[in-house]
Amino acid sequence: MSTPNAARPAAAAATALGIGLGGFFDGIVLHQILQMHNMMSAVIPNDTLVGAKTNMVWDGLFHAFVWLVTGIGVIMLWNAARRGEVSFDNRLLFGGFLLGWGLFNVVEGLIDHHILNIHHVYEALGPSAWDWGFLAWGAVMILTGWLLIRSGSRARAG
Amino acid sequence: MGIAAEHELKMRALALGILLTLVGSPVLACNICHSETATEVRHQVLHQDFARNAAAAAAPFPFLLGAVLLMARLPKRFRTEEILEHA
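Sequence lines, in order, name chains A and B. Take the first sequence: its letter number 107 is residue 106 in numbering that gives the first Met the number 0, and every next letter is one higher. Take the second sequence: its letter number 29 is residue 28 in numbering that gives the first Met the number 0, and every next letter is one higher.
What the hints contain is simulated information worked out from the structure, not anything from laboratory work. Please read all numbers here as calculations on a predicted model, not as lab measurements. We put the beta carbon where it would ideally sit given N, CA and C, even for glycine. Heads up, a few of these hints could be off.
As the list claims (entries may be wrong) - Stretches of chain A that chain B covers, calculated by requiring three or more beta carbons in the stretch to come under 8 Å of a beta carbon on chain B: (1) 37-45; (2) 51-64; (3) 67-79; (4) 120-126.
Said to hold, decoys possible - A few chain B residues that face chain A, going by a derived Cβ cut-off under 10 Å, partial list only: (5) A3; (6) H6; (7) V40; (8) D48; (9) A53.
Chain A extracted, bound-state conformation (with noise of 0.2 Å):
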């Protein structure tokens, strides 16, 4: 029988790959697609040629740092599946994944979007109740995770 630690390794990695699904969702659809704001779009606007492609070149280097934590998660991953002992329930799969979006939204909301204020999520608007419900939304997401981590520690620890 393992133990609710057999858990930690996979929920671990599941949370840093979290982290990488709401940093590329943050940078695809709402940077890419909707194009509601950029990296440094509410320093540097987006408005001019020359500004949206500045804007484009912090939008990558914002998503190279997403692309490193993905990079450290499916390492984790990896090492987490080489380990004998370590428990690879859903629960902690999916909970790890909300743990880690929540995780990003919060972080990145706090201090991009309030801290810096190097842009917020719909830009056209400045500071708004747009940026509040990017951070309520990372908490839902945090708390559910938690919840399914939780829940997937002690059902395999029973």
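Dock chain B against the given chain A, drawing on the hints supplied.
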């Protein structure tokens, strides 16, 4: 249409295509190109608060990686406690 005429038409189309490419080159804006737009973008990225913007773009990631590291490291401490409990 004869073969020579068809060949001439293709050559003209090719020449027109090349000409259009050259006309478009000033707005070709790959960031390593020698165009006005690319030069302006490079200037805006590298010479206007580069360090501040790079630090801002990177800022959330140490915290996120720290959270993952914390999750990955916690079990070791707990395992030690379990071993001590069973000893």
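Okay, the hints, checked on the actual structure:
no., hint, result
1, 37-45, "holds (count 4)"
2, 51-64, "holds (count 7)"
3, 67-79, "holds (count 5)"
4, 120-126, "violated (count 0)"
5, A3, "violated, 44 Å"
6, H6, "violated, 39 Å"
7, V40, "holds, 5 Å"
8, D48, "holds, 8 Å"
9, A53, "holds, 7 Å"
The structure fails hints 4, 5 and 6 (numbered hints given earlier, in ascending order).
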